[in-house]
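Make the full structure from the sequences, and use the hints.
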Amino acid sequence: MSESKGCRTFDHGGDAGLFAWGPRLEDVFEQAFLGLVDYIVEGQQVRPQEERSIRLEAPDGESLLVEWLGEALFLIDGEGWLPGRVKVKVGEGFSLEAKVWGEAIDPECHWIIRDVKAVTYHGSKLLREGDAWQAKVVLDL
Amino acid sequence: MVWDLEKLDEYRWQIPRGYKPGMLVPGLIFIDGEELANLKEEGQALEQVANAACLPGIVGFAYAMPDIHTGYGLPIGGVVATKLPDGLITPGGVGYDINCGVRLLATPWREEDLEDKWSDLADELYRAIPSGLGDKGGLKIAQGDLDRVLCQGAAWAVEQGMGSQEDLSMSEEEGEMAGADPDAVSQRAKKRGQGQLGTLGSGNHFVEVQVVDRIYREEEARVMGLSQGQVVVMIHSGSRGLGHQVCSDYTRRMVEAMGRYGIKLPDRQLAGAPLSSPEGKRYFGAMVAAANYAWANRQVLTHRVREALRQVMGHGEIRVVWDVAHNIAKIEEHIVGGEELKLCVHRKGATRALPGGHSLLPEVYRGMGQPVLVPGDMGSGSYVLVGNRGEGFASACHGAGRRLSRGEAKRLLQRDEVFAELAEAGVELRAASRQVVLEEAPTAYKDVDEVVRISEGAGLTRQVLRLAPRCVIKG
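These protein sequence lines map, in sequence, to chains P and D.
Residue numbering for the first sequence follows the numbering used here, beginning at 1 and increasing consecutively.
Residue numbering for the second sequence follows the numbering used here, beginning at 142 and increasing consecutively.
Honestly, I wouldn't trust all of these hints.
[Unchecked claim] Chain D is nowhere near these chain P residues, computed Cβ spacing over 10 Å in every case: (1) Lys5; (2) Arg24; (3) Asp38; (4) Arg55; (5) Phe74; (6) Arg128; (7) Asp131.
[Claimed, not checked] With a straight-line cut-off of 27 Å between C-alpha atoms, the simulated DSSO-like cross-links for lysine-lysine are: (8) P:Lys136 with D:Lys161; (9) P:Lys125 with D:Lys551; (10) P:Lys125 with D:Lys405; (11) D:Lys551 with P:Lys5; (12) P:Lys136 with D:Lys181.
If you're looking for bench data, these hints aren't it; they were derived computationally from the structure.
We put the beta carbon where it would ideally sit given N, CA and C, even for glycine.
Below, the structure written as structure tokens:
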């Protein structure tokens, strides 16, 4: 965790997980979201051509995290749309508002490398450790 | 973690009820001493068996099949049954890829008939089978038609001219499970499913052309119409984005509902509700709908495989040998403690394996037991087994089971070496993603021979024949 914010993957059985960190709660939501997209397309260029808004509410922090990342999967697999930039505002209770910039998947220049089936609740964590926030989720591949 | 498992015999190891608070039944793992040592070292898969033993309404044992490995919620290879009407149904006990399963097709051709055509066939199949993520190449179907797919499963595809009645009779549930509730499937799930019918998906899904390379039991092979040197095709795919979304939607609802029903579980991924509750009934209806989508998907893929094979080989009858679901929950009757009970049997990475004489089997297989299709990894072999004694709610293994995580495979293996190894083994590989090839490399998987040997040793299945891959199409 040399960078003040970021996201990395870890092994979980045959599957994989995401671990994100940052000084603000918003950072971990943004980092985990972009980390998930990057795990699927591995560093491909995404142009911020279109803006989308997302609002979510959940019963607790971990559920909000799982649902939020589920939004990324739906945008890619359900809408055929690739997010490239994101701005999150965490609200009262367990809610968030986000703006996502990206573009429709173009088979000529985008290549889906991995199929992430879902973001699971298994071992999901969202907590404050000292000065930093941390988030952890396991993916179903 | 110190695991003090009780050895019942060479292939049965029990996690006692006292291992953790909340366990309602013991865990029972079909495995041998050597594989168990690996599991103990890793620890999480055994913990997941113990967690599953806490599900309200569970009866008998929380079982794990010989290919057990760490999942989330229930381990892969897990089988648990809860008693109706109030036993728990949990989306985490089925998994995200609802009715991920395997279908085996028998062709009239022999290995020598394809001698110089393997490469052409691989190209043709790769062209005909849309693979990878998303809906590129999927059937475009109208919303009303999608609801019919969710109710009718494979029968819908047959109605569209993509197969025959005989195909349906050679499938678990005849490819059309009763109880589907299309209204319980969210618009998001439908949107994901709308354009993906007839696509393979990515990850461990595949279409493989294989050759029967070893027969262990002649009579059972003959009943299935399979002989040495015969060319067959194995299809491994599931319910695609629609099924993943159904599981995500309902896991979220179950997490919320658990508090209302006063249910506490050691892993939220096991969240569920009583089968008789509104949430339980709705999930069951949505899960059946997704299962039917998967059967329709394997039927459309069958049609595409047939077209590709005929393009290269000319006319010939390509028959469905059998089709199994290995991620599903079903209402079944089993005898537990001498009492016949109606149960909700969850199989996650496990195959139903009915013994001979069972009334649910088509006549042709009633004498010998249900075919159990066990795909290996792309470089080695796959197996056809048959159900034997019916233990573990009549279940058996579903595959080789992973040895390395995707991350480890990527770090430890060299892409060129994986391709070279496959080429040396005479396997024609066509893959949408070279990354996936690395993560799905043979070395990443446990030895399927071992899994099948343990399954036979434990009396779950009888080994019938082994299949060697020749063409592999991957997402």
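Evaluated hints:
Every CB of chain D lies more than 10 Å from the CB of Lys5 (chain P), the least distance being 22 Å, so the non-interface label holds. Annotated as non-interface, Arg24 (chain P) keeps its C-beta farther than 10 Å from every C-beta of chain D; the closest such distance is 25 Å. Here Asp38 (chain P) stays apart from chain D, with its beta-carbon at least about 13 Å from theirs, past the 10 Å limit. Taking the minimum C-beta to C-beta distance to chain D, about 15 Å, the non-interface status of Arg55 (chain P) holds against the 10 Å cut.
Residue placement check: Phe74 (chain P) does not keep its beta carbon more than 10 Å from all beta carbons of chain D (closest about 6 Å). With a least beta-carbon separation of about 20 Å from chain D, Arg128 (chain P) lies farther than 10 Å from that chain, consistent with its non-interface assignment. Residue-level check passed: Asp131 (chain P) sits 28 Å from the nearest beta carbon of chain D, beyond 10 Å. Between Lys136 (chain P) and Lys161 (chain D), the direct Cα distance comes to roughly 25 Å. Compliance with the 27 Å bound is thereby established for this hinted pair.
With a CA separation close to 26 Å, the supplied pair Lys125 (chain P) and Lys551 (chain D) stays within the 27 Å bound. This hinted pair checks out: Lys125 (chain P) and Lys405 (chain D) have alpha carbons roughly 18 Å apart, not beyond 27 Å. About 25 Å separates the Cα atoms of Lys551 (chain D) and Lys5 (chain P), which keeps this hinted pair within 27 Å; it holds. Restraint check for Lys136 (chain P) and Lys181 (chain D): the C-alpha separation of about 24 Å stays at or below 27 Å, so the hint holds.
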